[in-house]
Structure formats: C-alpha cells, structure tokens
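Novice: Sequence:
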Amino acid sequence: HGKITIVDYAEFVDLFLPAVEGDKATHTNIFEKIPQPNGEPDMYRELPKAINGAKICPGFKVVATPYQADRTDSSKQAVDMGLYRTAKTPKCEKDKAYPAVEWFDLDLPMECKADETEQDAFDENQANGEPTGDKRRDALGQAYSYIELIVKRQHRMFVFMLFFLGNSVRIARFDRSGVFVTRKFDYKADGNLLVDFLQRYSQLSDAER
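In the UniProt record's numbering, the protein residues as written are 1 to 209.
Hint data in this document are derived by calculation from the structure and do not stem from the laboratory.
A hint or two may mislead.
To be verified - Using C-beta positions, here's what the derived DEER-type ranges look like:
#1 Asn38 with Gly2: 15 to 23 Å
#2 Gly141 with Gly39: 34 to 42 Å
#3 Thr132 with Lys33: 17 to 25 Å
#4 Asp95 with Asp14: 40 to 48 Å
Claimed, not checked - Derived DSSO-like pairs (lysine-lysine); straight-line CA-CA distance at most 27 Å:
#5 Lys3 with Lys91
#6 Lys94 with Lys49
#7 Lys135 with Lys184
#8 Lys135 with Lys91
#9 Lys3 with Lys135
#10 Lys33 with Lys49
#11 Lys76 with Lys91
#12 Lys135 with Lys188
#13 Lys3 with Lys184
#14 Lys55 with Lys152
#15 Lys96 with Lys3
#16 Lys55 with Lys96
#17 Lys188 with Lys61
#18 Lys55 with Lys91
#19 Lys88 with Lys152
#20 Lys76 with Lys96
#21 Lys88 with Lys76
#22 Lys135 with Lys94
#23 Lys152 with Lys188
#24 Lys49 with Lys188
#25 Lys61 with Lys49
#26 Lys76 with Lys61
#27 Lys152 with Lys91
#28 Lys55 with Lys76
#29 Lys33 with Lys76
#30 Lys55 with Lys88
#31 Lys152 with Lys33
#32 Lys33 with Lys55
#33 Lys3 with Lys55
#34 Lys188 with Lys76
#35 Lys61 with Lys91
#36 Lys152 with Lys135
#37 Lys55 with Lys184
#38 Lys33 with Lys3
#39 Lys184 with Lys61
#40 Lys88 with Lys135
A virtual CB, placed ideally from N, CA and C, is assigned to each residue, including glycine.
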C-alpha cells in the first residue's frame, strides 16, 4: 500500500494545500468547548454540529453515516462521517438515526475512534510510520479499504481523510505512492489548525481535491 510519511501540520499544508485567498487572520478554535467523548456516538453528534455550525466550509456539510452501507457497495462498509457538497448530502430514512454513506458523492471521509492510541492507524514511534498492534493495523486496513471505494467510484488520483482519535486528530492524504499524514494533535487545544485545514480544503477546486 505504499510508504507512510508522518509530518508536522505546517509541512503538510505547504506540500498539499495553498493558503486561503487573503486569509491572514488567526483561526478561531471551534472545538475547545466540545466535551470529552465517552464513545464514538458522542463524536458523531458533536463534531458535525461544531463544524457545520461554524460555517467554515461554504458549500459543504459534514454528515455522520456510521451504521449504514451504500446500497451500491457489496462490501457493506460505512465510514463514520464525511464532508459532502451541500446539494449532495445523504438523506436520512425515516426510521434511521443516520443516513447511509454515499461513496459516489463523499468528498472528505472522516473516521472516529474514542481511544487516542488503541485504534490509531499510524505510529510516529515506528521508522516506517506503520502501527504494530492488531487493532491499529486493522484501523489502517479499514482506512485503505475506504479510500479504495472512493477512488473506484470517483476516479480520483488522491483522497484526503481525517482521523478523529478521542480529542486528537490526524489529517492524511492518500495517493498511489503512499500516505502523507500529520502528527496527531489535540483539536481541543489546537483546533485552529483543523479549522485552517477545513477552510483551505473547502476552497480547493474539484481538480485540487
């Protein structure tokens, strides 16, 4: 599956994300008041509410899709959340708490794990960045399978992805040669970095995303 390269956030954006036009302002941390999650369901509720409420991704909406697979997908997988164009957000069926994931329209996949380390798909302490524990290896394999589902349907050359781990987050970019991923940072303390990423991402052209 290619090489894993772990970098600081500043290096990551220098490599892949141009600065937002005319944006020299400091970014407000919209995540600092989010309570410590007791489990993934807390994250499905609080993270979309914070991001959508702050209106930092014009034309896009974060939708939680943790339980239902896309009808077109025989593998029956569902990524926890994702950023969709507002006009293409998945709709919830009447008897369901959350809509089904839609791989054709999913722009930026997001995975949630309540534990910061146990299911972290990357490991700074390993020279190759790859995790060694079974659960962590499973988390990385799961991420690759999501990326494959998106690439197959959307013919994309690369895909960005967010990994929420308790109160921490990593931002990754997958392409055919491997993965660039940020070091884990606390989004309650340094959420301005995540706001910066989401603003930059939502202003990219379709080709740049």
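Novice: Is lysine 55 close enough to lysine 152, meaning Cα to Cα at most 27 Å?
Specialist: Violated. Lysine 55 to lysine 152 sits at ~30 Å, over the 27 Å cutoff.
Novice: Given the hinted pair lysine 33 and lysine 3, is their alpha-carbon gap at most 27 Å?
Specialist: Status violated; Cα separation ~36 Å.
Novice: Has the given pair, lysine 55 with lysine 91, been kept, meaning a C-alpha gap of at most 27 Å?
Specialist: 20 Å, holds
Novice: Within a Cα-Cα threshold of 27 Å, do lysine 76 and lysine 61 meet the stated pairing?
Specialist: 23 Å, holds
Novice: For a C-alpha distance cap of 27 Å, please report whether lysine 33 and lysine 55 respect it.
Specialist: 17 Å, holds
Novice: Are lysine 88 and lysine 135 close enough, with their CA atoms no more than 27 Å apart?
Specialist: 33 Å, violated
Novice: Against the range 40 to 48 Å, how does the distance between the Cβ atoms of aspartate 95 and aspartate 14 compare: consistent or not?
Specialist: 47 Å, holds
Novice: Is the hinted pair lysine 76 and lysine 91 satisfied, with a Cα-Cα distance of at most 27 Å?
Specialist: This hinted pair holds, its Cα atoms lying about 18 Å apart.
Novice: Would you mind confirming whether the straight-line C-alpha gap from lysine 33 to lysine 76 stays at or under 27 Å?
Specialist: At roughly 34 Å apart (the allowed maximum being 27 Å), lysine 76 and lysine 33 break the hint.
Novice: Keeping to a limit of 27 Å between CA atoms, is the pair of lysine 135 and lysine 94 held or broken?
Specialist: 34 Å, violated
Novice: Given the hinted pair lysine 96 and lysine 3, is their Cα-Cα distance within 27 Å?
Specialist: Distance of about 39 Å is beyond 27 Å: violated.
Novice: Note whether the CB distance of threonine 132 and lysine 33 lies within 17 to 25 Å or breaks it.
Specialist: Violated, since threonine 132 and lysine 33 (Cβ atoms, about 35 Å apart) do not stay within the stated range.
Hint check: violations occur at hints 1, 2, 3, 5, 8, 14, 15, 22, 23, 28, 29, 31, 33, 34, 38, 40; the rest are consistent with the structure.
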